[in-house]
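**Student:** Full structure from sequences and hints, please.
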Amino acid sequence: MKYKRLIIIKKVEQMKDAPRHTIILGIVATVIAFICGMLVLKTILNFNLWLTILFSAVLGLYVGFNAFYSTYLAEMIKIEVANQGLTSQDLATMMHGRAKDYPIVRGELRLIISRRKRAQLLAKLRARVS
1 MKYKRLIIIK
11 KVEQMKDAPR
21 HTIILGIVAT
31 VIAFICGMLV
41 LKTILNFNLW
51 LTILFSAVLG
61 LYVGFNAFYS
71 TYLAEMIKIE
81 VANQGLTSQD
91 LATMMHGRAK
101 DYPIVRGELR
111 LIISRRKRAQ
121 LLAKLRARVS
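The numbers in this note's numbering rise by one with no breaks, and the one at position 109 of the sequence shown is 109.
Accuracy of the hints is not assured; some may be wrong.
For lysine to any residue, the following SDA-like pairs were computed, each having C-alpha atoms within a straight-line distance of at most 20 Å [to be verified]:
no., residue 1, residue 2
1, K78, R126
2, K78, K100
3, K117, A92
4, K78, R106
5, K124, E80
6, K78, G107
7, K124, A92
8, K100, R110
9, K78, K42
10, K117, T87
11, K124, E75
12, K78, H21
13, K100, D90
14, K124, I104
15, K78, D101
16, K42, A92
17, K78, I112
18, K42, L61
19, K100, A82
20, K42, A57
Honestly, the hints are just simulated from the structure, not real lab data.
**Tutor:** The structure is reproduced here in structure tokens:
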């Protein structure tokens, strides 16, 4: 239990360097999902007001966190690749994939890999430095 808390604290410490636009995107996604949930649940499904607010808040937080975390991973991977000066072939050998999955266009990495592999890639990039 104590080990899990240390991992969570370490991840929160790493997220403090998140770019500002990823935080703004997460907040905007949360608000939009909350409003959409309110409209659908109250007007179409005729839920109770308090249930509507509760479900909409959960939905909004879920969508907002997913939007934030996805853009956070993409930005941190791009920063790590730029700092380490890696090529697409280096990333492909690191993730056991193809070089065309990691195209670098105009000096910037374009991530076309699935979202579940992005966390693995970021972990491998950070482990490579330390």
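**Student:** Confirm or reject each hint.
**Tutor:** Consistency of the hints with the structure:
{"no.": "1", "hint": "K78 <-> R126", "result": "12 Å, holds"}
{"no.": "2", "hint": "K78 <-> K100", "result": "16 Å, holds"}
{"no.": "3", "hint": "K117 <-> A92", "result": "12 Å, holds"}
{"no.": "4", "hint": "K78 <-> R106", "result": "13 Å, holds"}
{"no.": "5", "hint": "K124 <-> E80", "result": "10 Å, holds"}
{"no.": "6", "hint": "K78 <-> G107", "result": "10 Å, holds"}
{"no.": "7", "hint": "K124 <-> A92", "result": "12 Å, holds"}
{"no.": "8", "hint": "K100 <-> R110", "result": "10 Å, holds"}
{"no.": "9", "hint": "K78 <-> K42", "result": "41 Å, violated"}
{"no.": "10", "hint": "K117 <-> T87", "result": "18 Å, holds"}
{"no.": "11", "hint": "K124 <-> E75", "result": "15 Å, holds"}
{"no.": "12", "hint": "K78 <-> H21", "result": "15 Å, holds"}
{"no.": "13", "hint": "K100 <-> D90", "result": "11 Å, holds"}
{"no.": "14", "hint": "K124 <-> I104", "result": "19 Å, holds"}
{"no.": "15", "hint": "K78 <-> D101", "result": "14 Å, holds"}
{"no.": "16", "hint": "K42 <-> A92", "result": "48 Å, violated"}
{"no.": "17", "hint": "K78 <-> I112", "result": "12 Å, holds"}
{"no.": "18", "hint": "K42 <-> L61", "result": "18 Å, holds"}
{"no.": "19", "hint": "K100 <-> A82", "result": "18 Å, holds"}
{"no.": "20", "hint": "K42 <-> A57", "result": "13 Å, holds"}
Against the hints set out earlier in the document, violations occur for numbers 9 and 16.
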